Structure formats: C-alpha cells, structure tokens
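Here is how the chains run, residue by residue.
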Amino acid sequence: NAGVMQNPRHLVRRRGQEARLRCSPMKGHSHVYWYRQLPEEGLKFMVYLQKENIIDESGMPKERFSAEFPKEGPSILRIQQVVRGDSAAYFCASSRGRGRGNIQYFGAGTRLSVL
Amino acid sequence: TQLLEQSPQFLSIQEGENLTVYCNSSSVFSSLQWYRQEPGEGPVLLVTVVTGGEVKKLKRLTFQFGDARKDSSLHITAAQPGDTGLYLCADIGSNDYKLSFGAGTTVTVRA
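In order, the protein sequences belong to chains A and B.
Numbering-wise, the numbering used here puts 34 at position 34 of the first sequence, and it's gapless, one number per residue.
Numbering-wise, the numbering used here puts 8 at position 8 of the second sequence, and it's gapless, one number per residue.
Only chain A is shown next, with the shape it has when bound in the complex:
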C-alpha cells in the first residue's frame, strides 16, 4: 500500500530553468496539498487542489509558480525561471476528503537546489 509518492527526491536546477515536481497521492485520495519548507522554518501552505480544480492557491507566489492535478496522472508543481530563493524542500500531502477528520499524509518531499 504505497503512501504519497513524490519525485524526484532531489532536483538541481540553474537559475532561469524550469522545475517540475510530481506528486502521486495515496490510493483513494482526491485532495492534494503542496507545502514549502525553508531551512529552519516551518512548512508553509502553498496550494490545495481537488481533481482538476484549484481550491485555494493563496500561499503560492503569483508569478512563476503554478500547480495542477489532472483527471489522470500526478499533481504537478511547476516553477518557471527558478531563482536561488526557490531552493527549499517541497512537500505534497493528500487526504481522502476535506475537513478535520481527514488526515493529510505527507510524501518524503522534493529537495530543490538552485545553482
């Protein structure tokens, strides 16, 4: 029974390149959340998606960042024209439903390093 799968685990990009982070939720989960963790900071909410719909993107920078969760396939967090400040660990979580009774299960994260 696989948990939340994220790939790649580590990603190195040069400034100006694009980064694509993938997240496959747990089986039966249709709600996906992306969080970013900067060194010595807590995880910060970025975006919440439910199959083909963006529910809340209030934590995502308005420029260069986008997220999708298509009907088929994994959720993708896309960062265009990366800058050094984008270097962080990006975590995806999934849940079966929405609300307090629905636990968010986290993946192992993607560590993005921008050179």
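Do not rely on the hints blindly, as some may be mistaken.
Facing chain A, according to a computed beta carbon distance under 8 Å, are these residues of chain B, among others [what the hints assert, rightly or not]:
| hint | residue |
| --- | --- |
| 1 | Ser31 |
| 2 | Pro39 |
| 3 | Glu41 |
| 4 | Leu99 |
| 5 | Phe101 |
| 6 | Gly102 |
| 7 | Ala103 |
FYI, nobody ran anything at the bench for these hints, they're computed from the structure.
Every value quoted in this text rests on a predicted model; they were computed, and no experiment measured them.
We treat Cβ as the ideally placed atom computed from N, Cα and C, and that holds for glycine.
Model the placement of chain B on the given structure of chain A, informed by the hints.
Below, chain B alone, put in the same frame as chain A:
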C-alpha cells in the same frame, strides 16, 4: 495571521532522560496537531488535540493542550535514539485544510 512559536529550537539529551517541548500560539487553536519529521522524510502525524485541557498519551509520549487552547506541550519519557527528529506543531485552521506549522524543535537523543 496566526503565529506558532515552538521552544526550544534545539534539544540534545542522553538516552533515558525525559524531555518536554512547547508550542504556543498567538491565537486560539482550531485543532492542534503534533508531527515528527525525520531527516529526508516528510512529517508524520502523531496526535490531534481539540479540547482545552485535553491530555493524550501515545506510549512514552504525553501531549497536553492548555485550557485556553493557545498552548501545548509534548513530553517524552525515557527518550530513545529512535525519538530523534524534528517535532512540529500545527493548527488545521478555521478552513479545515490549511495547516499552519511552527518552526519545530530539533530533538537529538544520544545513545
């Protein structure tokens, strides 16, 4: 904007000792969660507390929620090297999905 403060930032103890870490909020928690995150991994939920004054036990871990629902503590008895990790507190928030995390306490248990 809710602020969650965790203390201490770092804690290093010998195997067998006890430890306590704290989480304080600038506003009342909607629903407080504690997580442990090991190096290179994602956070794993340990417990959820909702009611003021609530105490929950999970083997050697004891979680307390303040009466005013603005503070919480995690106490570990007879710590083991396997308890090493980053302990995070989080609030689910009024919208029931947007987790707000503290910066965490890094716990190291030396054998």
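The hints, checked one at a time:
1. Using the Cβ-Cβ criterion of 8 Å, the hint placing Ser31 of chain B at the interface with chain A is satisfied: the shortest such distance is roughly 5 Å.
2. Nearest Cβ of chain A to the Cβ of Pro39 of chain B: about 11 Å, over the 8 Å cut. The hint is violated.
3. Annotation: interface hint on Glu41 of chain B holds; nearest CB of chain A at approximately 5 Å, less than 8 Å.
4. The restraint placing Leu99 of chain B at the interface with chain A holds, with a minimum CB-CB distance near 6 Å, inside the 8 Å limit.
5. Here the hint on Phe101 of chain B is kept, as its CB sits about 3 Å from the closest CB of chain A, short of 8 Å.
6. Given hint, Gly102 of chain B at the interface with chain A, holds; its Cβ is 5 Å from that chain's nearest Cβ, closer than 8 Å.
7. Of the supplied interface hints, the one on Ala103 of chain B holds, with its beta-carbon coming within about 5 Å of a beta-carbon of chain A, less than 8 Å.
Checked against the numbered hints given earlier, the structure breaks only hint 2 and satisfies all the rest.
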